[in-house]
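Given two chains presented individually in distinct reference frames, assemble the corresponding complex, making use of the accompanying hints.
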Amino acid sequence: MKRLINGAALTLACATLAIFLLFPLYYAMITSLKSGAELFHVTYWPTEFDFTNYLRIWKEQQFARNILNSVIVATSVVALSLALALTAAYALGRVQFAGRRMLLYSILAISMFPQIAVLSGLFEVIRVLGLYNSLAGLIFSYMIFTLPFTVWVLTTFMRDLPVEIEEAAILDGLSPFVIVTQIFMPLMAPAMAATGLLAFIAAWNEFLFALTFTLSNEQRTVPVAIALITGASEYELPWGNIMAASVIVTLPLIALVLIFQRHLVAGLTAGAVKG
Amino acid sequence: MARVRLDNLSKRFGSTDVIRSIDLDITDGEFVVFVGPSGCGKSTLLRLIAGLEEATSGAIWIGDKDVTHVSPAKRGVSMVFQSYALYPHMDAYRNIAFGLKIPDTSEDTVDGRVRKAAEMLQIADLLHRRPRELSGGQRQRVAIARAIVRQPQVFLFDEPLSNLDAALRARTRLEIARLHDALKSTMIFVTHDQLEAMTLADRIVLLNNGRVEQAGTPTDLYRRPATRFAAEFIGSPTMNILSAKIDEGVATIASGERLAIPTQHRGEADIGVRPENIALASPEEPNALHARVLHVEDVGESRIVHAVLADGTGLTLRHADDRAPPRKGESLALRLDPHRLHLFGKDGRRIE
Numbered sequence: 001m002k003r004l005i006n007g008a009a010l011t012l013a014c015a016t017l018a019i020f021l022l023f024p025l026y027y028a029m030i031t032s033l034k035s036g037a038e039l040f041h042v043t044y045w046p047t048e049f050d051f052t053n054y055l056r057i058w059k060e061q062q063f064a065r066n067i068l069n070s071v072i073v074a075t076s077v078v079a080l081s082l083a084l085a086l087t088a089a090y091a092l093g094r095v096q097f098a099g100r101r102m103l104l105y106s107i108l109a110i111s112m113f114p115q116i117a118v119l120s121g122l123f124e125v126i127r128v129l130g131l132y133n134s135l136a137g138l139i140f141s142y143m144i145f146t147l148p149f150t151v152w153v154l155t156t157f158m159r160d161l162p163v164e165i166e167e168a169a170i171l172d173g174l175s176p177f178v179i180v181t182q183i184f185m186p187l188m189a190p191a192m193a194a195t196g197l198l199a200f201i202a203a204w205n206e207f208l209f210a211l212t213f214t215l216s217n218e219q220r221t222v223p224v225a226i227a228l229i230t231g232a233s234e235y236e237l238p239w240g241n242i243m244a245a246s247v248i249v250t251l252p253l254i255a256l257v258l259i260f261q262r263h264l265v266a267g268l269t270a271g272a273v274k275g
Numbered sequence: 001m002a003r004v005r006l007d008n009l010s011k012r013f014g015s016t017d018v019i020r021s022i023d024l025d026i027t028d029g030e031f032v033v034f035v036g037p038s039g040c041g042k043s044t045l046l047r048l049i050a051g052l053e054e055a056t057s058g059a060i061w062i063g064d065k066d067v068t069h070v071s072p073a074k075r076g077v078s079m080v081f082q083s084y085a086l087y088p089h090m091d092a093y094r095n096i097a098f099g100l101k102i103p104d105t106s107e108d109t110v111d112g113r114v115r116k117a118a119e120m121l122q123i124a125d126l127l128h129r130r131p132r133e134l135s136g137g138q139r140q141r142v143a144i145a146r147a148i149v150r151q152p153q154v155f156l157f158d159e160p161l162s163n164l165d166a167a168l169r170a171r172t173r174l175e176i177a178r179l180h181d182a183l184k185s186t187m188i189f190v191t192h193d194q195l196e197a198m199t200l201a202d203r204i205v206l207l208n209n210g211r212v213e214q215a216g217t218p219t220d221l222y223r224r225p226a227t228r229f230a231a232e233f234i235g236s237p238t239m240n241i242l243s244a245k246i247d248e249g250v251a252t253i254a255s256g257e258r259l260a261i262p263t264q265h266r267g268e269a270d271i272g273v274r275p276e277n278i279a280l281a282s283p284e285e286p287n288a289l290h291a292r293v294l295h296v297e298d299v300g301e302s303r304i305v306h307a308v309l310a311d312g313t314g315l316t317l318r319h320a321d322d323r324a325p326p327r328k329g330e331s332l333a334l335r336l337d338p339h340r341l342h343l344f345g346k347d348g349r350r351i352e
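In the order they appear, the protein sequences are chains Y and F.
Just so we're aligned, residue 1 is where the first sequence starts under this note's numbering, counting upward by one.
Just so we're aligned, residue 1 is where the second sequence starts under this note's numbering, counting upward by one.
So here's chain F without its partners, still in its complex pose (with noise of 0.2 Å):
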């Protein structure tokens, strides 16, 4: 009962834009995540969920009840915050209690819930420390099970694991997604960071200028991106983009080399193609382009190659092979995958 659907949402401050008619439903259990570069309007649009910012105009439907005009309490939505926001005068116990101190919650409730919430986030014997005895990992659980006793019908994260060191982050994202499975609630998620949306979503809204850039799965955003721009955010390294000139079937691109492409469009438009999509080739290969290695970083599992093109085109590729990795100032003749690209027009969007 906790579908959570936008209806041509907006939100202005003073003379600002910041949430352009948003459209977006969200099914009962599904783990969404908002991502997108910082000012793109997602933690707004958060907030606007939660009831934290009134909507301009527009509505949001949670469960079946309209509540764009109900107070953020009345919503049945926890949210937590990325600076975890607890109580510093209060022990975790407290802290996590101290919610659902509402008449119809007897003492024994409270109880039961706080220690299972506690349990569940291994928490339990952290119960009497205040905030300032924990480690930022610690206080992220503490703010975490706060969210969870209250039972609401959807959970709301603000960039919860920003805080956090790299490996903490990478565990509590596990952490998160496990609780996900086991609590089974509707859970929306903001982060900037595309590797946690990539890993968490069952679906990714990606924003862009308070506007859905694209939504869908990861794969989808990741296999098709809809417009240059979602092609650019996701994945790491970022996308290449070549600009071109494309010709029965062949695009010429800057450097003025050319290149076989499996489409039917003609005229300027701009090839994407990830940095494993690249392979080493031999120099005599038709179809290659040339190139000068920058800089090579190892990455354990694979080498980061940057090179460049005979114009000056930047060009990442990812060496995942065991042969002796490219050297700096070394030459490649490079062979780009032709069912791997991406064709986008002037326009940004995407060219089938």
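Isolated chain Y (complex conformation) (with noise of 0.2 Å):
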């Protein structure tokens, strides 16, 4: 009996949770497959199912353009993080040299500054580096906030892996660059994952930087491009095409954590347990 209530307990909390989390999710998707006045009405369940809004956006807007840059920006900003982490996570974790641990504490310090601290000294140093309105500019300002953390993770997972690996490698007459890209990497592929995935995640939802960097819309991602979805007229707010571009952007990051999750898991927990 006692049991039965706290299992009945924990369903219950469960589904508060998740009712939380997902209701906006809900009902952006609802909202989106309405059309017309019928868009201002408010219900919980699905009226209709209308896609026009989805066709709008990719025929009124340059959706598919905003799109393709998120996905460039994004996954630049992965791959150079990691392969940026690896090395210094390496370098961090496993050679010995004077100022490593004020090196390292540096570098956690840059993360402590808000992005709106630094948005108009970063605005002018991409002005001079030539970056401006270009998605170059935009990987390499969210670099600020990615590579901290995926340093620190890799760091700790580095230090983790034993380090007579690393002799056997030595005697073996491997060079560090080998040690790095043939033992090191594949050892640490689920703290990649999920380093590399929370990377992603930054990259794809980064709204200050890309709205200030930017000046055209061919060069804008996807967060700037739905806050400056227009309408017809000044007096039109398009609701529904912008519903349907937040329910577009969210299915690939879904996708992502679905095929990574047991990565993400492993990876989260794994430096914590063993440190």
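Take these hints with a grain of salt, some might be off.
[As the list claims (entries may be wrong)] Which bits of chain F does chain Y cover? Going by a derived footprint, with three or more residues having C-beta under 8 Å, they are:
{"#": "1", "stretch": "72 to 81"}
{"#": "2", "stretch": "87 to 94"}
[Claimed, not checked] Quick list of simulated restraints, FRET-style, between CB atoms:
{"#": "3", "chain 1": "F", "residue 1": "D23", "chain 2": "Y", "residue 2": "P162", "range": "29 to 37 Å"}
{"#": "4", "chain 1": "Y", "residue 1": "F97", "chain 2": "F", "residue 2": "E301", "range": "51 to 59 Å"}
{"#": "5", "chain 1": "F", "residue 1": "S243", "chain 2": "Y", "residue 2": "F97", "range": "47 to 55 Å"}
{"#": "6", "chain 1": "Y", "residue 1": "V95", "chain 2": "F", "residue 2": "E107", "range": "28 to 36 Å"}
{"#": "7", "chain 1": "Y", "residue 1": "N217", "chain 2": "F", "residue 2": "P88", "range": "44 to 52 Å"}
{"#": "8", "chain 1": "Y", "residue 1": "L68", "chain 2": "F", "residue 2": "D165", "range": "58 to 66 Å"}
{"#": "9", "chain 1": "Y", "residue 1": "L251", "chain 2": "F", "residue 2": "S106", "range": "50 to 58 Å"}
{"#": "10", "chain 1": "Y", "residue 1": "L129", "chain 2": "F", "residue 2": "R130", "range": "42 to 50 Å"}
{"#": "11", "chain 1": "Y", "residue 1": "L10", "chain 2": "F", "residue 2": "V296", "range": "53 to 61 Å"}
{"#": "12", "chain 1": "Y", "residue 1": "A189", "chain 2": "F", "residue 2": "E107", "range": "21 to 29 Å"}
[Unchecked claim] Only part of the chain Y face toward chain F is listed, based on derived beta-carbon distances under 8 Å:
{"#": "13", "residue": "P162"}
{"#": "14", "residue": "E164"}
{"#": "15", "residue": "E167"}
{"#": "16", "residue": "A168"}
{"#": "17", "residue": "I170"}
{"#": "18", "residue": "D172"}
{"#": "19", "residue": "P176"}
{"#": "20", "residue": "I179"}
{"#": "21", "residue": "P186"}
It is worth saying that the hints were derived from the structure and are not from the lab.
Predicted model, so just to flag it, every value in this text is computed and none were measured.
For every residue, glycine included, the Cβ atom is placed at its ideal position computed from N, Cα and C.
If you want it as structure tokens, here you go:
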């Protein structure tokens, strides 16, 4: 009896949490399937299945272009962050050198600053480098917030790998590059999947830098593009389009998390448990 | 061509001297065991030879080459680690072959060498397995095979048997001895286990506190320990030590009993006697020590008897004959074999 009550309570708690988390997405989904005046009518069940909103965002906006931009930016950020973080983790986790702790904490300190605080300074940097209104500018600026945590997580993970494996590789005559890419990288795959996914999500969702460092719609990423969706006249709020677009940008993230979920759990807990 | 020579070798970590000017000459094909208590520097010495640690001063020669500042891979050494240190994501075959992927080794030679080493260690049908699908003993064989294929001038073993269970340890020990017979290469083996040292070594190097305490054949170390430390480290159960005052060939031990001892030495000294050199005597026998039995351990082929003298000094003896063994609480008269007594001065050095 007591077990039954506990079970019921747990189920109830989970259901409440799920509803709280998923309701906004659900509401966006059912709204995106409505059209005309029906949009402003509050309902909790799907009333119609009209896909015109989805067709409109592809036709009226350059939404395909925006998605492509987001994919390019997020993928590049992940690839660059992981490549830099892996090599940095090898140095910070395995090589003894003066100022190592200092360096490690400076990297952490970078993530202390709120985006808005560095925005104007970074704007100047981006202009000087000639990266204004380009995807490269976004990739460059996103690394500011992805690198600190990728470096930290991978460094912790690298420290936990047995030293003997590296020593065996040294005796086998392998160069540091081969050791990192052929021995450590496969062993760190779960950690890299987890941090890579988090970096991807951060880059995919980023709004402030994307808004500030781009000018034309051809260079915009999805979050900015959605925010700037306009209707036919200034009196029309294209609610249906916005909802349809929101649903579309959510799907890749859900797919990624589902694909990597096993690695995600392994990667996020492994370092913590051993460390 | 694989003589190993250590020349005044020292290693310091911060302000701690781990290796203190060691000189050692290991001849080609010799099986040398570094043994000692933990923290004596035996593993560090091995790692210095491997090149995993940089020497603070002194030189290391392998063959006729000074390798003190040569990178580990170019020293012609292979190492087997206590934790096996296999690459977890590669199968046994790739683990063994991985170090051979160098430009001047052709595909066929690699394959041939891997198969031959696998044959030798009886792991030929395990080659497609990953390390986590192998038992501890099998993993250690893969690690040894990985060391063999590189055809090193010197094999280094860092406590390779410590992670194995007792039965497997004895078997692998024998296999390593046979491997040495087959390959005839120089081997250096580190262990804290004196039994492994005694059974494997051509020569034992006993280390204590970063110095060589004694180097010699297992028999040398067992029969003629150079110091009290060596006497107590080698042999199981541990050698008994009785402090005594010696005058005119008669030792008076702490319990007040007297003992004839064939020596010219006078003054204070420690008398060492191994448990197997103590026999039961008749109570009236002159020179006998009287003790009370605390506990008897039956180890099968003999009994280990733990006893105490009148003053509380512990004495361990091995009772190996067929007569009824002493029982707990019983009083015993003990005869110490006068020709198997070891005498150590107060500085710990052996007195002849």
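Requested in this report: Under 8 Å, Cβ to Cβ, is where Y:E164 needs to be relative to chain F, so tell me if that hint holds or is violated.
Outcome: For Y:E164, the interface hint holds, since the closest Cβ of chain F sits about 4 Å away, which is under 8 Å.
Cβ separation of Y:F97 and F:E301, checked against the hinted range 51 to 59 Å: Holds, at about 57 Å.
Could you check the hint for me, namely that Y:L10 and F:V296 are 53 to 61 Å apart, CB to CB?
-> Taking Cβ atoms as reference, Y:L10 and F:V296 lie about 60 Å apart, which means the hint holds.
**Prompt:** Under the criterion of a CB-CB separation shorter than 8 Å, is Y:P186 in contact with chain F as hinted?
**Reply:** At 4 Å from the nearest chain F Cβ, Y:P186 passes the 8 Å test, so the hint holds.
Less than 8 Å between beta-carbons is the criterion; does Y:I179 satisfy it with respect to chain F? Violated - the Cβ of Y:I179 stays beyond 8 Å from chain F, reaching only about 10 Å at its closest.
(Q) Verify the CB-CB distance for Y:L129 and F:R130 against the hinted window 42 to 50 Å. (A) 47 Å, holds
Using the C-beta atoms of Y:L68 and F:D165, is the stated range 58 to 66 Å upheld? 59 Å, holds
Legend entry - Hint status (Cβ of Y:P176 to nearest Cβ of chain F, threshold 8 Å): Violated, about 12 Å.
For this session: Can you let me know if the beta-carbon spacing of Y:L251 and F:S106 is within 50 to 58 Å?
Result: Holds - the Cβ-Cβ distance for Y:L251 and F:S106, about 51 Å, lies within 50 to 58 Å.
query: Does the Cβ-Cβ separation between Y:N217 and F:P88 fall within 44 to 52 Å?
result: 49 Å, holds
| said: Tell me if the beta carbons of Y:A189 and F:E107 are separated by a distance inside 21 to 29 Å. | reply: About 28 Å separates the Cβ atoms of Y:A189 and F:E107, which means 21 to 29 Å holds.
Check your understanding: Was the hint right that Y:D172 lines chain F, CB cutoff 8 Å?
Key -> Since the shortest Cβ distance to chain F is 3 Å, the answer is holds.
In the structure shown, a violation is registered for the earlier hints numbered 19, 20, in ascending order.
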